[in-house]
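*Asks:* The UniProt record's numbering applies: residue 1 is where the sequence shown begins, and numbers increase by one.
Since the hints were made in silico from the structure, they are not lab data. Misleading hints may appear alongside valid ones.
Here are the simulated DSSO-like pairs of lysine-lysine, each with C-alpha atoms no more than 27 Å apart in a straight line [to be verified]:
1. K17 <-> K72
2. K44 <-> K63
3. K44 <-> K72
4. K44 <-> K61
5. K63 <-> K47
6. K72 <-> K20
7. K17 <-> K61
8. K72 <-> K61
9. K47 <-> K61
10. K17 <-> K44
11. K47 <-> K72
12. K20 <-> K44
13. K61 <-> K20
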Amino acid sequence: MTLETTAGGRVIDGWEKVNKFPWNDASGLPGPYSSDLWNNVSTKFAKGLRGRVNVVQTPDKLKNENTVWYNKEKPVIMRNRELGNVDEIVIHVLEPNSEIRTLGSLEIEELLSWGRDGD
C-alpha cells in the first residue's frame with residue numbers, strides 16, 4: 001500500500017484547493033504550501049508502518065534530499081526498524097518506462113544509509 005492509495009491519500013491527491021497551493025517557498029509565492037500537508041501526513045503514515053515495508057519511488061527521488069521520502073518517510077522507517085517494528089524494507093523503483101524494478105538487499109542498505117554520514 002502506498003500513501004496515495006489510502007482513502008486519505010486519495011482525498012489529498014484529488015483536493016483541488018490543496019493542489020493549487022505552491023509546493024514550497026522555492027516558488028517565491030506566499031504559503032500555505034501543499035508540502036506542509038504532505039510532510040505531516042507522510043510522517044504519520046510512516047510511523048504506523050510495521051513488519052515488511054514496501055517503498056515505491058521514482059529513480060529521481062531516491063537520493064533527492066528535497067523530497068518527502070528523504071526528509072520524512074525514510075528517517076521514520078529507519079527508526080521503526082531500529083525499534084524492531086519494521087523487520088524488512090523492500091524498495092521498488094518505478095522506472096520512466098513504467099516498469100517496476102525491485103532493488104537488491106545491498107542496494108537497499110546503501111540507499112538507506114546514504115546521506116547519514118555526509119555521503
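*Asks:* Against each hint, give a clear statement of whether it holds in the structure.
*Replies:* To see whether the hints hold, each was checked on the structure:
| no. | hint | result |
| --- | --- | --- |
| 1 | K17 <-> K72 | 23 Å, holds |
| 2 | K44 <-> K63 | 22 Å, holds |
| 3 | K44 <-> K72 | 9 Å, holds |
| 4 | K44 <-> K61 | 20 Å, holds |
| 5 | K63 <-> K47 | 21 Å, holds |
| 6 | K72 <-> K20 | 22 Å, holds |
| 7 | K17 <-> K61 | 25 Å, holds |
| 8 | K72 <-> K61 | 13 Å, holds |
| 9 | K47 <-> K61 | 20 Å, holds |
| 10 | K17 <-> K44 | 22 Å, holds |
| 11 | K47 <-> K72 | 10 Å, holds |
| 12 | K20 <-> K44 | 23 Å, holds |
| 13 | K61 <-> K20 | 22 Å, holds |
Hint violations for this structure: none, all hints satisfied.
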